[in-house]
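What follows is the residue order along each chain.
6 protein chains.
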Amino acid sequence: MTDYILSDDTRAKLKKVSTASVATALFKRGIRNQYIQGVLPVAVKSETMVGQAFTLRYLPAREDRNPITVFRDANHPQRVAMETCPAGHVLVMDARGDARAATAGSILITRLALRGAAGVVSDGGFRDMAGIGALDMPAYCAGPSAPTNLTLHEALDINIPVACGGVAVFPGDVMLGDGDGVMVIPAHLAEEIAAECAEMEVFEDFVLEQVKNGAGIIGLYPPTQESNQVAFAAWRKTTGR
Amino acid sequence: MTDYILSDDTRAKLKKVSTASVATALFKRGIRNQYIQGVLPVAVKSETMVGQAFTLRYLPAREDRNPITVFRDANHPQRVAMETCPAGHVLVMDARGDARAATAGSILITRLALRGAAGVVSDGGFRDMAGIGALDMPAYCAGPSAPTNLTLHEALDINIPVACGGVAVFPGDVMLGDGDGVMVIPAHLAEEIAAECAEMEVFEDFVLEQVKNGAGIIGLYPPTQESNQVAFAAWRKTTGR
Amino acid sequence: MTDYILSDDTRAKLKKVSTASVATALFKRGIRNQYIQGVLPVAVKSETMVGQAFTLRYLPAREDRNPITVFRDANHPQRVAMETCPAGHVLVMDARGDARAATAGSILITRLALRGAAGVVSDGGFRDMAGIGALDMPAYCAGPSAPTNLTLHEALDINIPVACGGVAVFPGDVMLGDGDGVMVIPAHLAEEIAAECAEMEVFEDFVLEQVKNGAGIIGLYPPTQESNQVAFAAWRKTTGR
Amino acid sequence: MTDYILSDDTRAKLKKVSTASVATALFKRGIRNQYIQGVLPVAVKSETMVGQAFTLRYLPAREDRNPITVFRDANHPQRVAMETCPAGHVLVMDARGDARAATAGSILITRLALRGAAGVVSDGGFRDMAGIGALDMPAYCAGPSAPTNLTLHEALDINIPVACGGVAVFPGDVMLGDGDGVMVIPAHLAEEIAAECAEMEVFEDFVLEQVKNGAGIIGLYPPTQESNQVAFAAWRKTTGR
Amino acid sequence: MTDYILSDDTRAKLKKVSTASVATALFKRGIRNQYIQGVLPVAVKSETMVGQAFTLRYLPAREDRNPITVFRDANHPQRVAMETCPAGHVLVMDARGDARAATAGSILITRLALRGAAGVVSDGGFRDMAGIGALDMPAYCAGPSAPTNLTLHEALDINIPVACGGVAVFPGDVMLGDGDGVMVIPAHLAEEIAAECAEMEVFEDFVLEQVKNGAGIIGLYPPTQESNQVAFAAWRKTTGR
Amino acid sequence: MTDYILSDDTRAKLKKVSTASVATALFKRGIRNQYIQGVLPVAVKSETMVGQAFTLRYLPAREDRNPITVFRDANHPQRVAMETCPAGHVLVMDARGDARAATAGSILITRLALRGAAGVVSDGGFRDMAGIGALDMPAYCAGPSAPTNLTLHEALDINIPVACGGVAVFPGDVMLGDGDGVMVIPAHLAEEIAAECAEMEVFEDFVLEQVKNGAGIIGLYPPTQESNQVAFAAWRKTTGR
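Chains as they are written, first to last, in the numbering used here: chain A, 591 to 831; chain B, 591 to 831; chain C, 591 to 831; chain D, 591 to 831; chain E, 591 to 831; chain F, 591 to 831.
A couple of the hints might just be wrong.
Identical copies carry no separate label here, and so any pair may be met within one copy or between two of them.
What the hints assert, rightly or not - DSS-like, lysine-lysine: derived pairs with alpha carbons at most 30 angstroms apart:
#1 Lys-635 x Lys-603
#2 Lys-618 x Lys-603
#3 Lys-618 x Lys-605
#4 Lys-618 x Lys-606
#5 Lys-618 x Lys-635
#6 Lys-802 x Lys-827
#7 Lys-606 x Lys-827
#8 Lys-635 x Lys-802
#9 Lys-606 x Lys-635
#10 Lys-605 x Lys-827
#11 Lys-605 x Lys-802
#12 Lys-827 x Lys-618
#13 Lys-618 x Lys-802
Hints listed in this document are in silico derivations from the structure and should not be mistaken for laboratory results.
Assemble the whole structure, with the sequences as input and the hints as a guide.
Structural data, given as structure tokens:
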């Protein structure tokens, strides 16, 4: 779907960027709907999740196609997705926003983490949230759910464009997740968004410091007052940022 | 996805069958979730809709991919779907159940009807419902919606398995629609469901006649009382059914 | 639950009363939540539905308790409800507001009508809406639904207090339905509500006539302007109401 | 909020325009969210509703502020709105999309119609839908609801900007309603939208005629194929449009 | 409803079982809908909740039946439920999934805990979540809610079958709760589910250990590869499980 | 809207009062709907939030009115609200309960806190929840959301009556928030609610102590048994409360 490969440099930049900044930078480009709705971090992580999307699509499960025995099939798409998602990528699952059943549990997500994935995002449920939350790898879902995916979700397609939390996710898009949730950065914009947001974070750090020192926000955020632009330039020099 | 081809004979049988009977016949086989939820007929039709599914999948529309100019592309999937859905088939659209924007309007659906389609089902909205309702071809959707599909829905894939109204629809499945909505009959069960339901309709016609004549339902529906089985056999002889 | 028996006289009065008037009269008594939410008439009827509640409670259907064979049981509560709801009563079904499956179909509702019931209200679905709508007896539900009740609803209790559309319905409460839906009148208030609403309807007929003749609503509705009270008194005399 | 006054000429143009065309014309300008969600016509009307917005805002009703006696106040905002909405305007009510109680009934809406209003739109409920639907004036709401507005809605402000069905409506914006629902045209765009949409309707009439005659949609809709542009020009000449 | 009494041995087994395993074991038996939807633990507990259901049903509260004075009645069902729920049982409240008002607060739940209950589950709200979360006894609800139950919920029936979070709960069914939520085990299946799930947990512990050591999931989970069956047998011997 | 000014004494009293007590005290006065639905604390705080409401109303954002450049306007209502909300007040934002976009982020809320506000409540989303949660000032919202408010919300009015979480909030009403959420106390009732609830808390502390010591709730809560009234009186003397 895309030839874009996330470079180490861009990944590093994005690691310091917030979902809020990404949302604003995309908004400026007329792209307004890239926040995955209804999905929260399974556990708070210190590091920001960054990685290209590798996708899995679930359909509603028809009972005759989804007995428990399907997992004996070495080609079952859910299991294959866990074993083929490339290291450094984020597995994104489309469960039609239906969290009444799980889309994965801690055994599978542990395997995914050990294989080096950068994270996992599902707009369905997860089972054994505690086990998943204890992993270093960030995970996002729509809530805990004990029922096996076979109850409501049939894993069908790997790495095709999907919908997740109301957002179109194309394989290779860059997923970025923090405590507020997950943004989808279209692959062709990843470089410029990374660059722009890195700058935004510097400026917001400056603003927050000013505000904590008692400054008002009008004229400062955005810096329409020239003195604030001057102060920011000075601050960058001083702080080396 | 399936080699099954709906025969004229089976189609004719199914034309006399209700969605309720199909739902019950599938329920007996442990298949419980084949009723397309949240979708109503655009207008009441005298004939039952019967046809194999030909599908179109929409994703959430990303703004930069969906300017109005995309319709100038002769390969735009929405337009291609209208021009390639085989005669006698039902076009089934997966719009993630989001009726806040249209998935088609009367010009496209008129074209579809003229090309001989057996019907159309969308779990998104339609625009110009009056124009669509005036066609002979049955149409089902989640409600009227003026906004163009580009607002929220990007047409992406043709004839892959989709979700519609919470049901998995595989290309070639048999869609059956009446005043109560639409059932999805898995292709491999179409023949036996048609046969079984044809018998069910005969029996229900008998039961309704009895009830209208004052009979109670216990022992009659189902006919656990032997006298009712005898009466039914007699009625079939008399009525030639 | 109540010893109250709806008299012919009160029934006759209520037949001329609207759900809107009942809602307002109950509101004046601090009873604000008696309108059954999410339920519409299956078909428009010229007569207002009036009758005491006879109830049926559905629970979520557990699969092992709800095979198709349960209908062979002469004591199945759904079928028993249809055969025992007293003439002149309204069968009220509690399906937890879940219309994804039917709570009855046209054969059962036809039997109910033939037994003399005054109406039926369900906050679940109905199958064969056309057949039900064609009956003289008014019927209200949350929408069409092809799946048999066994799919999601197990009929369990007859004539206990239930919830329907977010309203508590006690056996014997008076159900009143028109084109706007259904109100539940607590049994102990039925007489006074009937009397008060009959008067309200007379006054509203007067007001509507005035408005159609060009009168403004301020001072007229309610009649804070004395001249309107005088005019109303005169109108009652003239019209004999 | 706006000095714009809808001219007779523009009103006449808009009377022939569909909500679908308006939605597309606004979409081309990057304005994507002007369709009032969740609101349907009370009854089908032959004429399109066109008029500038005059607004009424409801807040959640606090019980001590909303006894039945408030209607005795000649300044009650709901009643005042009915008596002050200018002729040719559309009364737009913001009820926070909550249809569990009415925002008006047939007496008030009849008065509004007699005063010459062009229509009424509420994202709450209406009571006595039959009475309202029988008026010549078009009316749109989120469904029938028997409870008086006092139950859940306190009328508070007249003619301030409001939200209706998820759309911002500024007094003076042009409301346009047909069988598919209602679009809000920002006042400053009304002229150009009217002109553009009038042209769109002509073209769509041509296209529909072609389609009914067997033409395919690719190359015709939009007319990327030159022969279709030529045919359209000829058709305009012939039909005098 | 059931004569089944949960033995100490089965309780002990179930204490080591997860909701996920129970869901899968029931799924294998065709029972797919026993996970209480929309309900989360008030606070994380180290021990799994296990106990038979003792139920309380709430109806929508009619204002005239639910003044604050009803709590003066020594027979008020909410208070009686707290004082009669047997030790070792789980109090299950049916509030129709409506968390806009509380179904209990910390004083009542503290009393319940002191009386030896094994836990409490409500699909309505709780007030003073902090106080409830601080108890040793596990508690599950649909969220915090300050309003007293009288606002929306009338406690009516004790220990009849109820719906909770979309699941039928019969008195005596075995409730099992962990960090992912709550499963309802039909009483007649409790023994076999306990036995089967105890085995499943052993196997899953083995699998997780293998995965953490770098094993892939295909062929291991489920163990279709014979070497994994051998390894598991060896592991059981070694670990004494 | 109100002349009421919250005194230090009343504020101090309310600081020791729970939302549950306030809800009950208002319920006794027939005011049942003052709990802000769908809103949770961003982080647990040891102190109760108390302050008079200062409001900000958002409308759905029309794209042409809400480019990123609007923040350059020194009069942008969102920024002005942050700079003008009086110390000791609670900023209450009406975002129509739509948390798909943020209504503020940590820079603005930090400024608000530094200016001495007593808290902030929004029925929309917040971005940078971690930053907001780390402040001493309590904050409540409907969930995290990365998109800027401009995406869906246009800040329009300052300090007019608004709806927040389904509750009418009039400027000057007293907001009270704890771990269970937020109650709105009508300004004219603040004094008497404070007094009554202070007494309720004393009694509930007594009851909880009794319950922890093994007392049953019937006859104690409420204290219909005289001995409990006597015990309470004694307890007050002993504890000096």
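For this session: Run the structure past the numbered hints and jot down the numbers of the failing ones, going up.
Result: Of the numbered hints given earlier, the structure breaks none, since each of them holds.
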